[in-house]
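Asker: All chains, please: the whole structure from these sequences, using the hints.
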Amino acid sequence: MGKIFWKRTFRELKKNFLRYFALWMLVILSMFLVVGIVSSAQSTIQTINQTAEEDHLEDGEFTLAVPLGKEAIQNIEKMGVTVEAVFSLDLKQKDNSVIRVMKNRRSINKIHISQGREAKQEDEIAVERIYAAAHHLNPGDTITLADKTFTICGIGTTGDYELCVQNPSDAAADGDIFGTAFVTPEAYENLKKSGAVRQSEDLTYAYHLGKDADADEVREYLSGRLLRFETAENNPRIKPANGDVQINIRAGLAAGVIVLMMLAFVISVFVVHSIDKESSVIGTLYAMGVKRKELLTQYTMLPVLICFTGGIIGTILGYSPMALSFLGGETYNYYSIPEIEICCRPALILYGTAVPAVTAYAVNWLVIRRRLGETALSLIRGGMKEKVSYVHLRPRSFVRNFQIRRILREKRSCLAILAGMLISLLVLDLGLNCYVLCKKIRRSTMKDTKYEYMYQLKQTPDTIPKGSEPAYAETFSKENMGYELNLTVIGLEKNNPFFPAVKSHGKDEISVSSSVAQKFNLEKGDTLTLKDKADGENHSFTVVEIVSYNSGLTCFMDIDGMRAVCGRGPEDYNVLYSDHSLDLKAGQIYTITEKKDVIKTGAVFMDLMMPMFFTMTGCGILIFLIVLYQMVKVMIDRASHSLSLMRLFGYRDRELKRLYLNGCFTVTGAGAVFMVPLAKWIMDQMYPSFVANIACGLDFEWEWQLYFAVYMGVIICYLIIQALVMGKLKKITPEEVLKQRE
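The numbering used here puts the sequence shown at residues 181 to 922.
Since the hints were derived computationally from the structure, they do not count as laboratory data.
Careful, some of the hints might be misleading.
What the hints assert, rightly or not - Think about it this way: if two alpha-carbon atoms lie no more than 16 Å apart in a straight line, the pair counts; the simulated EDC-like pairs of lysine to aspartate or glutamate are:
(1) K704 / D688
(2) K658 / D715
(3) K258 / D394
(4) K910 / D817
(5) K391 / E257
(6) K591 / D817
(7) K195 / E458
(8) K837 / D817
(9) K457 / D817
(10) K911 / D833
(11) K775 / E632
(12) K638 / D382
(13) K457 / E192
(14) K620 / D879
(15) K646 / E632
Unchecked claim - Label-pair distances were calculated between CB atoms; the ranges are:
(16) P857 / T189: 39 to 47 Å
(17) E369 / R297: 18 to 26 Å
(18) D456 / P575: 25 to 33 Å
(19) Q295 / L546: 51 to 59 Å
(20) D456 / G830: 24 to 32 Å
(21) N513 / K910: 42 to 50 Å
(22) N284 / Q636: 22 to 30 Å
(23) K195 / M906: 16 to 24 Å
(24) D740 / A766: 28 to 36 Å
(25) D356 / E751: 37 to 45 Å
(26) P645 / D787: 31 to 39 Å
(27) S761 / S294: 34 to 42 Å
Just so you know, even glycine gets a beta-carbon here, dropped at the ideal spot from N, CA and C.
Answerer: Pasting the structure below:
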């Protein structure tokens, strides 16, 4: 009997090869997507954490107005804290990019060299990987800094500039604009003495905490001269990629649950169709004494094998270098991290290989057990009777009532189409939300950035330069879904032409930008609590208004209120905004930000998210096409007897299409009217958690044209599948009905 069953399995596979091939591809695609997303994220996290340990990543850093003396360093070391100076100079290149030059690191934040070696001679330099890639630099090439030519001896990364931005408050990194480089101490001192330095030397120290050391004790000791104090956990430059891919893991696992539910439903339709079609054969075998267990094994064998082999291949592809490049490539291309090494996790491998097969077996067992609960005679006579054919319908045209009865008879397949549509639209909407959000960030950055130059000052000039607007700005932080995000609070004088007018007054009131309101779900009258990144103190403000401003996460106050919050004098300011370049001394400038760089940074989000957009869009369309093809083909296969009879009565292809396929088209079209907005609403509830660690607003509202485009995409997908299935319908001949007569 077992040999006979095996032959039957191969005949079934050969007869319905396309149907099982589609199921196989659906499993492969689903497991590739889930395993690929999760495995690339796990591999990224392990690579970053392992590199951080090997290169002695800092526990934190601080920036001072004046260097530490020898005695101060000794006092800090007595607290159990190791300190290393990581001073830097910013040099502007001919292409307007900025290179931050530092000395080779000795013990903290050591350079991880991916190509070549560290600088050993005064005319050698090691360049950060993202900047080198953006400017097509390789070991052996030369680069000019302060009219001196350096030979590139290595390409590498450092953990304290994983997000390689010029200022911690910058929204996005861009290798075209900014990068880091490392030279010998002698070369650094020569550059420092040159007249090409764009601004004053940045006096930042990295520190490592000993076993019983306390960062707050160090902060308190330095409070009198402290400009900035960051722990590694709250530093946006350190390990941001881990936060990004942690979200990918959650999204991948959630997608896995949804996909398995869809697979279960699709497989159940397959099984029911197969059992109903071979009802008389099963009944005969049952009457001959074949046990239920043997029949269960026989009818679960093929779907389980299909899902098991599909799961194995999908898992192998999910762990392949192709998947790492395809699904994790944007992380490697955006963050300054070493090359990612594939990390295999047994739990994920078991999930990808075993769960689809277990799901197929469980669904088959439940369906077959219910079907085999009938008597052998009932099965021989045709099995469970369809009651939907006898539903009373009010008088309509014959065609309309026929289509309705077909929909009722094939309700399981129709529900599978709607379920597959919803899941596909969720995947698609994830990509579309990425696209819409990035497009609006780019547009709003161009619209809201009205200044040409922003000068963050280390020392204020004696008089305010003509044509500039002074302000007092500080960076604060606020937690969002477990992530510490930077917000810039700007104290403005009245009638500042570069920013919107604000109503807030005094140190307890604040005007919130629309991007901040979206990110933290704030309304007028709410209380906003921010953490000062310098002293660690919390400050609470009342939101008096929400102003239209979407460039980064920014809040506004009147300048006197901001001075009071920061404990500054009535004439103090630390930022100048201008529509032209200002003639300031390098020692007075902390950093310079130009409008063109801000706008270009806004466009980086689009470049970063486009791979996600194409991946999610492509996968969503493929999943829907596969599910739609399977279900429509099942419906045609189930109707093969009646279609053959219709052929016998002289019905033509066009008439058969109208009777048997147009009803499904109506279900798909009408279902899409509800599913498109439903999927968008569901994704809108989930999407904020996917971008929780990105310092931007949450404006991903669609225009009506995009809804229409998605709807038309669903219709086009159905028409493609209908054209494919028509080939099957045309092959059904009148002889079919004679084969099935009693």
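Asker: All hints, please: hold or fail.
Answerer: Each hint, compared with the structure:
no.	hint	verdict
1	K704 / D688	14 Å, holds
2	K658 / D715	14 Å, holds
3	K258 / D394	12 Å, holds
4	K910 / D817	12 Å, holds
5	K391 / E257	12 Å, holds
6	K591 / D817	15 Å, holds
7	K195 / E458	14 Å, holds
8	K837 / D817	14 Å, holds
9	K457 / D817	9 Å, holds
10	K911 / D833	10 Å, holds
11	K775 / E632	5 Å, holds
12	K638 / D382	10 Å, holds
13	K457 / E192	12 Å, holds
14	K620 / D879	7 Å, holds
15	K646 / E632	15 Å, holds
16	P857 / T189: 39 to 47 Å	43 Å, holds
17	E369 / R297: 18 to 26 Å	21 Å, holds
18	D456 / P575: 25 to 33 Å	30 Å, holds
19	Q295 / L546: 51 to 59 Å	57 Å, holds
20	D456 / G830: 24 to 32 Å	28 Å, holds
21	N513 / K910: 42 to 50 Å	49 Å, holds
22	N284 / Q636: 22 to 30 Å	27 Å, holds
23	K195 / M906: 16 to 24 Å	19 Å, holds
24	D740 / A766: 28 to 36 Å	30 Å, holds
25	D356 / E751: 37 to 45 Å	38 Å, holds
26	P645 / D787: 31 to 39 Å	35 Å, holds
27	S761 / S294: 34 to 42 Å	37 Å, holds
Comparing the model with each earlier hint shows no violations; every hint is respected.
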